[in-house]
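Chemist: Numbering (mature numbering (1 follows the signal peptide of the UniProt record, and there is no 0)), first residue to last: -23 to -1, 1 to 674.
Please keep in mind that the hints were generated in silico from the structure rather than gathered at the bench. C-beta atoms are modelled at their ideal positions from N, C-alpha and C, and glycine is treated no differently. Keep in mind that a hint or two might mislead.
Claimed, not checked - Under the rule of at most 20 angstroms between Cα atoms (straight-line distance), these lysine to any residue pairs were calculated in the SDA-like manner:
hint: 1; residue 1: K380; residue 2: G517
hint: 2; residue 1: K367; residue 2: L424
hint: 3; residue 1: K412; residue 2: Q422
hint: 4; residue 1: K412; residue 2: T360
hint: 5; residue 1: K521; residue 2: T573
hint: 6; residue 1: K412; residue 2: V445
hint: 7; residue 1: K380; residue 2: V443
What the hints assert, rightly or not - Each pair of labels, with its calculated beta carbon distance range:
hint: 8; residue 1: Q468; residue 2: G496; range: 31 to 41 angstroms
hint: 9; residue 1: H250; residue 2: H83; range: 29 to 39 angstroms
hint: 10; residue 1: G79; residue 2: P137; range: 33 to 43 angstroms
hint: 11; residue 1: P414; residue 2: G356; range: 13 to 23 angstroms
hint: 12; residue 1: S397; residue 2: A358; range: 42 to 52 angstroms
hint: 13; residue 1: T568; residue 2: G415; range: 39 to 49 angstroms
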Amino acid sequence: MTSFRRRGPIAILLVAIAAGTAAVVGTEAATSSAPTVTVNGPIVQPVRTVRQSVMQILAHEDDDLYFMNPDVSQAIASHSSVTSVYLTAGEADGINMAGGRGARNHPPADKAKYAEARQNGIRAAYAEMATGNRSSPWQRTTMPTAGGGTAELDVLKARPQLSLVWVQLHEAGSVAGYRPHSLHGLWDGTVQTLGSQLSAGTPVERRFSYTRAEVVSTIAGLLERFQPTSVRLLDPTPGRNEKTGNLLDHQDHMYAARFAQAALAHYATSKNHPHFTVQNYLGYFTGRLGHSLDPANAAAKLRTVETYAWKDHADNYCKSASGCGDRKVAAHPSGHDWTQSIRYTRGESTSWMQPGADGSLSAFGVLDQRLAVWHRSPGAAGTWSEPELKPGAGIDPGVSTVKLPDGRIAVFGTRTTIGSTAADYRRDVVLTVQKTPGGRFGDWQSLGSPELADHFGTSDISAPAVAVGRDGRLTVYLRNSAFGLSARTQQADGDWAKWHSIGGKGLHGDPAVATDKSGRRFVFAATPRSVAVWTQQAPGAALKGPVPTGLPTTTLPLTARADDEGVRLYFRKTDSGNVRTALVTAGATPTVSPVTEAGGAAGFGPVSTTGKALAARTGSGHLGTAPFPKLSASSPSSQLRSSRGDPIEQGKPHSTDIWTQDSYLFAGAPALVTDSAGTASVAAIGLDGKLHWNRVH
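Just need the whole structure built from these sequences, with the hints factored in.
Modeler: Now the structure itself:
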């Protein structure tokens, strides 16, 4: 028996993560319907550009195409280094045909061949995105992993900054049914090792098995090799169906993301790595929400999936006995409306930049899973500092800030704790507050979570939305895993009351909060069909709601801002991405104005706004800014009513050519503020892990 038990420093560090027996590595060759791939000529080395490098860590072939595109194609178009890592072989039932075993006259099951067909489809899809030619050749070689096994490394010869890594572990073979021999079972400790499922034709010659710690080592080793500045994962906390208790996403998606989180925690402590951001994406459930993509992006995304699926079933251009794509997908390439949307599940806060009284600016983000703070000195010639990373690991993407009455800044976010066993995994709300205005920040303080345990709701909580009362006391609002709203309020002595429910049903995304000029508070939360609101009838009064607004379906992200006699809500139009807005006013009966279109950004994600400008992601993935539209405060308004009623009358659209587009791709959402001189500034954290800032004219 030949051993591949290479124990590097990473593996030794990670033994504490999961106790387990050493992986057994056999000498059995991979089942193959094609000869082992050999390299003719010099080996092409993967290229990592200094500017930015993106890594996507996935469970299956097609997870990136369905849930991360058009971000993937836009990163490729920008000539960034892009590496996609597929942890499982995606072998399913081994039948490359729609319906699988349930189909009539299906071919014999062959998991190695089906895994290869899916790989062929991914290679074609990426080659087409990069070069326009799905047949553009790849170099296929092997690489040892830090977990002691071997992975396949594919490099696109025409674009060597594009790489695919196939780890080739067994997949669960079921969306929700418990299969111990899976990433789920390995994470939970039900099995001590998870074996490989090698694809037909892979250059990897020997099977292997990994312990939990060795899977983490493998991913951490890939991170160290490719040194990404931006890492993309599906949602590690997708939530559960309230009625059935089943996960709302594929179990492999969830546990692949959790293994990646554990690896990132170790990569963040390694030496000489570039600063990195993390972006999380919604999986299956995105198909049950309003479409977030404009027609052009949705059509392009669908075409890429059709290439992966070998939908045209053209001649065997890939020259593989296994087939050139995933024929299971070919029958319904749009999935369950997945090609018509993209959604982030973290990092959608737009309130992460604050102006100082002296004209300075402070920006707050998450780099290397820690709070990063940038400071710009006042004046027209002011410069930005390098990011200062605060103590405290495990901070989730995206933080929000509020200004306290005495001028201090409070920063809120969520934190993930992984621990040494599956039961230790949890998320909590955390905050840190400046000790003095403009001064240093104190230690992180945990506000806990309304969740009883990870097992019940997979720790599925939103980002916190925070309100500051006239007395300076803070209230945090959080969408919980039961899809209602929870709140926790600071008491007069500075301590915090317990989490309590304030109602709501079927809520998704992050809540938004704002206070009107009279001091009345508004809390908004999106549902799959509309928006609900809680309001105060008078400053300091009890919050009443939820009340249905009757607003049309949104794409989820909401931004609220005081405006005239009420609070103006900003959101995106479905199947378009255009920015829309409506004015909501409080009183004995809350009212909402007609919906007005604020221009044609035609993108996705949240909208940032001040009284001077708007900022948002455009359809090309770049930052777009526009002058603040002229909106009439005296427009006729309607009483709020059930979203099942007639839609509210649409206001007159504004010009679509007012948006100015920047040239860089970014993670999360932009932040827009107006400084003490009345100048609007916009910032975003690029895929290069750096803060990008400019004034808005």
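Chemist: Each hint should be assessed against the structure and marked as holding or not.
Modeler: Taking the hints in turn, this is what the structure says about them:
For the hint pairing K380 with G517, the CA-to-CA distance comes to about 19 angstroms; that is within 20 angstroms, so the pair holds. For the hint pairing K367 with L424, the CA-to-CA distance comes to about 18 angstroms; that is within 20 angstroms, so the pair holds. Between K412 and Q422 the CA atoms are separated by roughly 13 angstroms; this keeps the pair inside 20 angstroms, and the hint holds. About 24 angstroms separates the Cα atoms of K412 and T360, which puts this hinted pair outside 20 angstroms; it is violated.
A hinted pair counts as satisfied when its Cα atoms are at most 20 angstroms apart, and K521 with T573 does not qualify at roughly 26 angstroms. As the CA atoms of K412 and V445 are separated by approximately 17 angstroms, the hinted pair is consistent with the 20 angstroms bound. At most 20 angstroms may separate the alpha-carbon atoms for a hinted pair to count; K380 and V443 meet this at roughly 10 angstroms. Between Q468 and G496 the beta carbons are some 20 angstroms apart, a value that contradicts the proposed interval 31 to 41 angstroms.
For H250 and H83, the Cβ-Cβ distance of about 47 angstroms falls outside the hinted range of 29 to 39 angstroms, so the restraint is violated. Taking 33 to 43 angstroms as the suggested C-beta distance range, the pair G79 and P137 conforms, at roughly 42 angstroms. A hinted range of 13 to 23 angstroms holds for the C-beta pair P414 and G356, which are about 19 angstroms apart. Distance hint for S397 and A358: a CB-CB separation of about 51 angstroms, consistent with the stated range 42 to 52 angstroms.
For the hinted restraint 39 to 49 angstroms between T568 and G415, the CB-CB distance of approximately 40 angstroms keeps it satisfied.
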